[in-house]
Amino acid sequence: MATGELFGRIASVQVDELEFEDLRVAFEATKTITKDPNKLDLKIYNLNEQSRGRIQKQDAVVIVQAGYVGTGLSQIFNGNARTIAHSYSGVDWITKVACGDGEKAIRTARISK
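The end of the sequence shown is residue 113 by this note's numbering, with every number in the run present.
The hints are simulated quantities; they were obtained by calculation from the structure and are not laboratory data.
Treat each hint with caution, since some may be false.
As the list claims (entries may be wrong) - For lysine-lysine, the following DSS-like pairs were computed, each having C-alpha atoms within a straight-line distance of at most 27 angstroms: (1) 43 with 31; (2) 39 with 96; (3) 96 with 31; (4) 57 with 113; (5) 43 with 96; (6) 35 with 57; (7) 35 with 113; (8) 31 with 57; (9) 43 with 57; (10) 57 with 104; (11) 43 with 104.
All values reported here derive from a predicted model rather than from experimental measurement.
From just these sequences and the hints, can you work out the full model?
Encoded structure:
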């Protein structure tokens, strides 16, 4: 579990079969009560080249858990990746993942009239 300097916060991010616990992550989850899917904007810092390549697929399942040292983790988000992009900024590789819960089901849904 990644521990930070921010009051003992910990986080775990899983993208498909890969789980990241010891890397710096930042995320912003937007939850709504409307019909629109909940959203997550996730940044993972300094993934190696092999990991960047392995997570580069649309509809990858993304699970984010967060909490505090001593109290454990709670699931914050579970959904599908909409886009995954990598950029190099200064000395950091930043992987940006835009997600929506039920994103794949919404995008592939069909209706019959």
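Okay, the hints, checked on the actual structure:
no. : hint        : verdict
1   : 43 with 31  : 18 angstroms, holds
2   : 39 with 96  : 13 angstroms, holds
3   : 96 with 31  : 19 angstroms, holds
4   : 57 with 113 : 32 angstroms, violated
5   : 43 with 96  : 5 angstroms, holds
6   : 35 with 57  : 26 angstroms, holds
7   : 35 with 113 : 21 angstroms, holds
8   : 31 with 57  : 24 angstroms, holds
9   : 43 with 57  : 16 angstroms, holds
10  : 57 with 104 : 12 angstroms, holds
11  : 43 with 104 : 21 angstroms, holds
Of the numbered hints given earlier, the model fails hint 4 alone.
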